[in-house]
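Heads up: the sequence lines are chains V and P, in that order. Residues 1 to 352 in the UniProt record's numbering are what the first sequence lists, from first letter to last. Residues 1 to 637 in the UniProt record's numbering are what the second sequence lists, from first letter to last.
Keep in mind the hints are simulated off the structure, nothing from the lab. Misleading hints may appear alongside valid ones.
With a Cα cut of at most 20 Å, we get these calculated SDA-like pairs of lysine to any residue [claimed, not checked]: (1) V:311 with P:504; (2) P:503 with V:261; (3) V:141 with P:557; (4) V:311 with P:557.
This structure is a prediction, so every number in the text was calculated from the model and none was measured.
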Amino acid sequence: MASAGSQVAELASKLYDACVSEFDPDHLFYQNDFLNLKVIPKNDVALLLQCTQSLVDQNLFRLLQKDGKLTWRLIDREDAEKLRNLSPDEAMVYNVIHSTGRTGIWVRHIGSRTNLHKSILDRCLKSLEGKNYIKSLHNVKYPSRKMYMLAGLAPSEEVTGGAWFTDGVLDANFINTVAGFIEFTVSKLSWYEVPASDSGRNKRIKTASGKADVKSEEKTYLPYPHGYKGYPNVQTITAAVNSSGITPVRLGDESVVQLMEMLCYDNKLVSLGAGEFYRSLHSPNVVQANQKRKPPSEGDDLAIANKHLVKNGMTEAPCGQCPVFRLCSPGGAVSPETCEYFDPWLSNGLGF
Amino acid sequence: MTQCSSELCMLLIEDNFGELFARIFTVLQRYERLTLPRLKFYSRLTDRQLHHGISAMIQHHLVYHFTSLDDGNTYYEANPQAAYSLVRSGKILQHVESRLGEYAAQVLEAIMFLGHTSITHLETLPQLQPSQPLTNGVDHDEEQPETNGDHEEKAGEPNGNHVVSQKPARLHPTLKSLASHGYIHRVREAHFQSPNDNWLDAHRIISSRPDVKQMKGKQQQAEIEEKAKSMVKERTEGDLSRGLMFNGLPQGVKRKFGSASGSNNAQNGTNGVNRDHAEDEEDDEGNDWSEDEDGIDSSPMDSNLIVRVNYEKLDVALRNAQFLELARQCAPPASLEIYDCLLRRIEYQTPRCRETYEIPREGEEGEQYSAPIQLSAIVNDVDPQLDLAGCIGPMNPTSASNRRKRPLEDETNGVNGDDYEDESTEQNRAYQIDQHLSYLSQAPFNLTTKHNIGGLDTWRIAFRGLARKLRHLELERMIESRYGDVALRVIRVLHAKGRLDEKRLQEISLLPFKDLRQTLASMQTGGFVDLQEVPRDAQRQPSKTIYLWYYDPDRVCSSILEDTYKAMSRCLQRIKFERERERDFLEKTERTDVKGHEEEFLSEAELEHLRNWKAKEALLLAEVSRLDDMVAVFRDY
């Protein structure tokens, strides 16, 4: 019996080695995969079962179930070592946390899955955290929940809220920087730059164009015709953003799409062909000018800030801005006769 | 009819026609339909005043009247549309002047001033007489003379400064061109009755017809509906352009005054796009109104014809000007020029802005396309001197391989229109104009739509969608000015996505929670967004409730429209108040001996004061007209 046991152990370790060398670590093993390795003599299923069981006992295999079939997955020898050093409770907790991968798991869910008492669970989590096997994380969706995941993993986008969150808080500065960069990049790609030699000849057009104050020494940009295929798509922009060095982390396509959509809502870009291409509404000159203008407008100088607002009758008239407009009626406490906004408005209007 | 708009109508009438009219109008608005004895009772006017007032108001279409066959009474009803149109007169005159020249504007002004008039009467008017030097405005003794102040302020051009050097029979060709543009139309008897009365009348007549009586149930109803509709249409049809259109173009479309735009005021230069090159394609000598046009044109108009201003058609023209303005935001100048030509062609074929009385709700509105215009027609209209190639980049900036071969590409990347101009052929031009129109058809505005009929390229405009865009744009402007660009983004997200909870809203708009909440809260106070509660259980606990934000443009539009009316009233009331403040001084300037000789009788300081006052009044009136632009967008387009 002992010899049989040692034979199994030997076979098992052979099987493990074969698995490591033949397959990548994330492979999901079915029974046939093992049999195809030709490690087990005569493809003896009973023997295979013994081997896998012994590997599972040694924490080298993890037993899983998929579509009603038993499957196995490899565990690194180092991880197995870790697991073997844990108490059974700790191992159970570790496995539960491991199973949730990059999403992490709420403490209460661990409790319900393992059926451990809260104090035991807390002790296990504490010791695991002390050994640096797991870490707690912050979920944007449920900021109040205490969640854990394996220490070696990076939290998924769902948990962190995507690239735009740092520690669960929206990083406005980062977003603005990247958005500005994207707008400028798209703008450069969606306007045709008139070659310098031609710009002299096209002076007439430039002055006639109401596009912006295009000065003679500045570059002139022309829109592309309908059906132009050179507008940038998301991939181009992602590549440009990642190679520009303005982001500390690599941004994925989906984060960039999110940002581009935001820019569309800002009426800075338009998406063409159902999001396939993006086109900028403003030529690079204008984009640059706008971006330069941004900081002072945040100050208290309302006159400058007002300049870039589009106007209509209601925003100009004193009534459009009046805080007590609803109370206003002729002969009332607030009335057109006693209005204090009209006089400054009139003198301001007559001033220029 | 709401409080704000009736207040505004009252003010407008008072401003233009004086207190008597305003009093009658207010009473009619307050009590709706009234017979003469009731009207007398409520308005407390004497018979003489009332008869005088009512008849003049009917002349101006400010009052509808209807004599019922059942009880033989005549009912009077206010016509708020006509009252509101008073505010638009300046804009309309300016448009007509830029389109058809100064004289046409004068003719239209005279018609406007009279409400409706026969051609014979127009012939006798001194200010329309060719040889006579023009006096300032219209001052014959028939109506109250308050009108001219209003018109001049907005048209921004004093009428007295031009020397008229025209041939004798200018009135009739001008009238014809106005008629063929649809700016004036024939007055029918049905125009004096309110649309509702017309409808009921037609309904009654149709349902009493024997053949209709025999039908039953739904079929009968449908039949009545349909027949009544066509009957009303037939009765109110006043179109005069039939037979006056030539090749799809109305008469007098060639611009008479080449430099008309130069003298135009810059107050709101909506249509000042390179006006210096007039379209002169088919017959270049058509620069005058006289007999060198076709035979039909030299015949005078029927002098018994009674005409009035067709505001519906003029709204179409003003709406097109707004579309052009929209195009200015995103298109190069040459495209604008082409778009202008397209819009003009479309205007000739569009009788009114929309078929339904009310603006349909958002999302329930089907698209409605304008009449398609053939590319070739546009090619003919566009100024041949216009540099088409210079303001759109090449299709393929790096290599010469193009989808379609353009000779342009062989030269340095197609930006040098000057060389190209010489060898341009008809076909190339057509292709380029097509390119410009395609450019305009792109997002975000989709200003044009291509349509292929029987292998011919035609272009048309999706009116409803564009009108909706104009509405949204006005709302967005207000939101931006009140709540900043953060709010603008939030509104656009909500508009595109419907109802959203805060978390999802944040994910899409990428705004920090604090900013987002503040913005949403302040917008909710302002009535721009609203919150819907969806409880998850019967107890409706706040913790178990989902809160969804939404933005309903229809609702916001209607409340802003009311606010706009109110703001207009306030401006007018302020003018009144300011006038009251300056009454002594103004009375002096309006004395008959001083008026017209201000320089002689007033001191330097007084002149300065007068100038200031005029500027102030002009500013307020200009604001009213700016607000009217918004009303037009929200209500009329």
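How the hints compare with the structure:
| no. | hint | result |
| --- | --- | --- |
| 1 | V:311 with P:504 | violated, 31 Å |
| 2 | P:503 with V:261 | holds, 17 Å |
| 3 | V:141 with P:557 | violated, 35 Å |
| 4 | V:311 with P:557 | holds, 17 Å |
Violated hints, in rising order: 1 and 3; the structure is consistent with all others.
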